[in-house]
Amino acid sequence: MSNRNTTTPDHAAASAKFLLDQERANWHDQALWFIRQKRDVTARQIPDWEQLRNAASQIKQNVLANLDDYLIQFEKKALENGIKVHWAADGAEHNRIVLDIIQKHGVQKLVKSKSMLTEECHLNDFLTSNGIDVVDTDLGERIVQLAKEPPSHIVLPSIHKRKEEVGEIFHQHLGTEKGASDPAYLTESARQHLREKFLTADLAITGVNFAIAETGGLVVCTNEGNADMGVHLAKVHIACMGIEKIIPKAEHLGVFLRLLARSATGQPITTYSSHFHKPRAGQEMHLVLVDNGRSTQLGRPHFYNSLKCIRCGACINTCPVYRRSGGHSYHNTIAGPIGAILAPNADMRKNADLPFASTLCGSCTNVCPVKIDIHNQLYQWRQVLVQEGHVPKSKAQGMKVMANVLSNPRLYRVAGKSGRLMMRMMPGLANNKALNPWAKQREMPQPPKESFRDWYLKNRSEK
Amino acid sequence: MKVGLFIPCYIDQFYPQVAIATLQLLEKLGVEVAYPLQQTCCGQPMANSGFASLAKGCDALFTRNFSGYDYIVSPSGSCVLHVKEHLYAAGNEAAATHIRNNIFELSEFLTDVLQVTELEARFPHKVGFHISCHGQRGLHLAQMSELVAEDFSKPGYLLRLVKDIELVELNRKDECCGFGGTFCVSEEAVSVKMGQDRVADHQLNGAEYITGGDVSCLMHLEGILRRKNSPVKVIHMAEILNSSYE
Chain A
135 MSNRNTTTPD HAAASAKFLL DQERANWHDQ ALWFIRQKRD VTARQIPDWE
185 QLRNAASQIK QNVLANLDDY LIQFEKKALE NGIKVHWAAD GAEHNRIVLD
235 IIQKHGVQKL VKSKSMLTEE CHLNDFLTSN GIDVVDTDLG ERIVQLAKEP
285 PSHIVLPSIH KRKEEVGEIF HQHLGTEKGA SDPAYLTESA RQHLREKFLT
335 ADLAITGVNF AIAETGGLVV CTNEGNADMG VHLAKVHIAC MGIEKIIPKA
385 EHLGVFLRLL ARSATGQPIT TYSSHFHKPR AGQEMHLVLV DNGRSTQLGR
435 PHFYNSLKCI RCGACINTCP VYRRSGGHSY HNTIAGPIGA ILAPNADMRK
485 NADLPFASTL CGSCTNVCPV KIDIHNQLYQ WRQVLVQEGH VPKSKAQGMK
535 VMANVLSNPR LYRVAGKSGR LMMRMMPGLA NNKALNPWAK QREMPQPPKE
585 SFRDWYLKNR SEK
Chain B
-1 MKVGLFIPCY IDQFYPQVAI ATLQLLEKLG VEVAYPLQQT CCGQPMANSG
49 FASLAKGCDA LFTRNFSGYD YIVSPSGSCV LHVKEHLYAA GNEAAATHIR
99 NNIFELSEFL TDVLQVTELE ARFPHKVGFH ISCHGQRGLH LAQMSELVAE
149 DFSKPGYLLR LVKDIELVEL NRKDECCGFG GTFCVSEEAV SVKMGQDRVA
199 DHQLNGAEYI TGGDVSCLMH LEGILRRKNS PVKVIHMAEI LNSSYE
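Protein chains in written order, with the working numbering: chain A, 135 to 597; chain B, -1 to 244.
Keep in mind that a hint or two might mislead.
Partial pick of chain A residues on the chain B-facing surface, computed with a CB cut under 8 Å [stated by the list, open to error]:
| hint | residue |
| --- | --- |
| 1 | Ala159 |
| 2 | Gly416 |
| 3 | Asn426 |
| 4 | Pro454 |
| 5 | Gly496 |
| 6 | Val501 |
| 7 | Met536 |
| 8 | Ala537 |
| 9 | Leu540 |
| 10 | Tyr546 |
| 11 | Arg554 |
| 12 | Pro571 |
| 13 | Glu577 |
| 14 | Met578 |
| 15 | Pro582 |
| 16 | Ser585 |
Think about it this way: if two alpha-carbon atoms lie no more than 35 Å apart in a straight line, the pair counts; the simulated DSBU-like pairs of lysine-lysine are [as the list claims (entries may be wrong)]:
| hint | chain 1 | residue 1 | chain 2 | residue 2 |
| --- | --- | --- | --- | --- |
| 17 | A | Lys574 | B | Lys161 |
| 18 | A | Lys484 | B | Lys54 |
| 19 | B | Lys82 | A | Lys592 |
| 20 | B | Lys231 | A | Lys567 |
| 21 | A | Lys567 | B | Lys226 |
| 22 | B | Lys124 | B | Lys82 |
| 23 | B | Lys54 | A | Lys583 |
| 24 | B | Lys231 | A | Lys151 |
| 25 | A | Lys484 | A | Lys505 |
| 26 | A | Lys295 | B | Lys171 |
| 27 | B | Lys161 | B | Lys82 |
Incomplete in silico selection of chain B near chain A, CB under 7 Å [to be verified]:
| hint | residue |
| --- | --- |
| 28 | Ser65 |
| 29 | Cys131 |
| 30 | Gly178 |
| 31 | Val190 |
| 32 | Ile222 |
The set of hints was computed from the structure by calculation and includes no laboratory data. All of these numbers come straight from a predicted model, not from anything done at the bench. The beta-carbon is built from N, C-alpha and C at its ideal position, and this holds for glycine as well.
Work out the full structure: start from the sequences and follow the hints.
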């Protein structure tokens, strides 16, 4: 057992810091709750919503059970379509493949539409350090890129930033008027700025929302049309996808497209669902299929279900902990409940705190469009992390003492009685804010003189 | 019908009035109730912290205490859910299985088993109901706001049988209060913020009392209310359902 006193409080400490600015925390909570409510309204427009979730979950179940076959089928079709297919075992290999293609074409400037996979692989940093100028073209991603921060949410990357802060960032980088925070004005400025980037880029990188094994084609969903703008203007298109993004047939797409945007933002469908099946004349199209730990997760019986995730962010929006702690507190590319079950797969030691950053309320499981049992997996990860020794020794010791007391009725009664007595005699100790985290912002319960058992013996013993 | 009364450890020690109300209410409804004297805790604090392996002693004790009852009833949805999902007793598997299948949270026992249609209770106050996550999403005591399905609430049904009670609507009807077991101390800042927001929702809608089916959540909310010197009081649902006319 290692002593991991430094890991457990990470999320807690970062959350406490986020909550110091109460006004921002309230606004963050309310903005995300508003989206959650929009999701509820649009979900209810489909009477068969729960059946649709079932269907999606089962399609993904089939994919995960036959992933090797579907990947081979997909690759064959994609190659026939004229797409150049690459395989990457991990993030580093993915980044090298992308850089190779860029260098082969002598490209200096490229545009990238939203892709959580490239975030996961830290592609931007890698390319920048190799002298390549990457421009994120999703508005939210562009904002955090200019602010030199990672996204805090997979669908709403800059949800932690208020419009005044965006105004300041744009003033510094895009030359907008100082103090201007009107969203229409800022958006128009970003539009002009990005237009210039689209027109001068030689290469476009996109993510992939769905890859269809039957056709070898892929689908990218955006609300801003930025993936289309990039791909249609550039000579080279590189699409990057995790190997779990496969769906078997084109006919399954309707199930997922109906679920994705409704779950994500409460829209019936994303503004743009762009289908790419082959390079257009004169264009070169590459596809990078990335494992980066996915096969390992597929081999974990309790957790492989997490690979069904279609990255809608619904669990993040609904999570009462996420809403009050912000995405950066999760110190992982994918924040929130889904991130907390994906992250320990990649690195148990580094992410041992995340499965504990939950009350196990279960709302995440209920909103998940592909029915991932997120809160049960959080519970399971806790068991695994304890077994693997990734909790502080002090906590393990405390739990042992507690388990011993609670499995011994006599010991339990003595401890209960003396504890209550102590709380009554020395309320200052129990309410010590430095020693007792409960008491920092809450009162302790007022201990009664007698337990229920004492009362029962007095009042019902003869029965 | 023999019913074993399961009183979770922290109710036994800190909230005996909730246990007394539960017992009296069941007796009033003509149920033969016994309280096994050697009971302690269901083991949930260990299990939810990742130490399910340390809960074996509690599991064995629980199984011994509650073998031989037709039903096991408790005024705590969270503990009931834990037993339902995680109780295993090596060497006593038949008894453990019987317990898992026949343990009930108080309100679902009243609606589903006893099928109560009237109560002799009166509580002339404005009351906000905090539905606890484990009871709601785990035991399905009420419809969940995330699911597209018909609305229902077992505790809500029972509270509406109480005379002169005025139930207030909440803006977020099933938001978690932030208690979460050891979460309430390991993630103190978020836990408290969630609790403060939950309390604010009740206050905004004019509740004089906050009630619920889980003392753990209520204990957390009570701690926050008292620290703020709020006039809003916390009361377990069993106490309201057991409150007499006069």
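For each hint, the structure was consulted:
Restraint check, Ala159 of chain A versus chain B: the minimum CB separation of about 7 Å is within 8 Å; hint holds. Below 8 Å, beta-carbon pairs count as interface contacts, and Gly416 of chain A has none with chain B, the closest being about 47 Å; its hint is therefore violated. Restraint check, Asn426 of chain A versus chain B: the minimum CB separation of about 26 Å is more than 8 Å; hint violated. Nearest Cβ of chain B to the Cβ of Pro454 of chain A: about 5 Å, under the 8 Å cut. The hint holds.
The criterion of a C-beta within 8 Å of any C-beta in chain B is met by Gly496 of chain A, whose closest approach is roughly 4 Å, and the hint holds. Taking 8 Å as the C-beta cut-off, the interface hint given for Val501 of chain A holds, the closest approach to chain B being about 5 Å. Contact between Met536 of chain A and chain B, as hinted, is supported at the beta carbon level, the nearest pair being about 7 Å apart and thus within 8 Å. Satisfaction of the interface hint for Ala537 of chain A is found here, the shortest Cβ-Cβ separation to chain B being roughly 4 Å, below the 8 Å cut-off.
The interface hint given for Leu540 of chain A holds, since its Cβ lies 4 Å from the closest Cβ of chain B, which is under the 8 Å cut-off. Restraint check, Tyr546 of chain A versus chain B: the minimum CB separation of about 4 Å is within 8 Å; hint holds. The interface hint given for Arg554 of chain A holds, since its Cβ lies 6 Å from the closest Cβ of chain B, which is under the 8 Å cut-off. The beta carbon of Pro571 of chain A is positioned within 8 Å of a beta carbon in chain B (closest approach about 4 Å), and the interface hint is therefore held.
Here the hint on Glu577 of chain A is kept, as its CB sits about 4 Å from the closest CB of chain B, short of 8 Å. Hint status for Met578 of chain A: holds, given a least beta-carbon distance of 7 Å to chain B, under 8 Å. The beta carbon of Pro582 of chain A comes within 6 Å of a beta carbon in chain B, closer than 8 Å, and the hint placing it at the interface holds. Using the Cβ-Cβ criterion of 8 Å, the hint placing Ser585 of chain A at the interface with chain B is satisfied: the shortest such distance is roughly 5 Å.
As the CA atoms of Lys574 of chain A and Lys161 of chain B are separated by approximately 39 Å, the hinted pair breaks the 35 Å bound. Between Lys484 of chain A and Lys54 of chain B, the direct Cα distance comes to roughly 29 Å. Compliance with the 35 Å bound is thereby established for this hinted pair. At most 35 Å may separate the alpha-carbon atoms for a hinted pair to count; Lys82 of chain B and Lys592 of chain A meet this at roughly 31 Å. For the hint pairing Lys231 of chain B with Lys567 of chain A, the CA-to-CA distance comes to about 23 Å; that is within 35 Å, so the pair holds.
The hinted pair formed by Lys567 of chain A and Lys226 of chain B meets the criterion: a straight-line CA distance of about 15 Å does not exceed 35 Å. Straight-line distance between C-alpha atoms of Lys124 of chain B and Lys82 of chain B comes to about 33 Å, which keeps the hinted pair within the 35 Å bound. The suggested pairing of Lys54 of chain B with Lys583 of chain A holds, with an alpha-carbon distance near 31 Å, which does not exceed 35 Å. For the suggested pair Lys231 of chain B and Lys151 of chain A, the alpha carbons sit about 30 Å apart, so the restraint of at most 35 Å is met.
The suggested pairing of Lys484 of chain A with Lys505 of chain A holds, with an alpha-carbon distance near 27 Å, which does not exceed 35 Å. Taking the CA atoms of Lys295 of chain A and Lys171 of chain B, the gap is about 28 Å. The hint holds against a cut of 35 Å. For the given pair, Lys161 of chain B sits about 33 Å from Lys82 of chain B by alpha-carbon distance, which is consistent with the 35 Å threshold. For Ser65 of chain B, the interface hint is violated, the least distance from its beta-carbon to any beta-carbon of chain A being 16 Å, above 7 Å.
The interface hint given for Cys131 of chain B is met, as the beta carbon of that residue sits about 4 Å from the closest beta carbon of chain A, less than 7 Å. Given hint, Gly178 of chain B at the interface with chain A, holds; its Cβ is 3 Å from that chain's nearest Cβ, closer than 7 Å. The beta carbon of Val190 of chain B is positioned within 7 Å of a beta carbon in chain A (closest approach about 4 Å), and the interface hint is therefore held. With its C-beta approaching chain A no nearer than about 5 Å, Ile222 of chain B sits inside the 7 Å limit, and its interface hint holds.
Hints 2, 3, 17 and 28, counting from the list given before, are not met by this structure.
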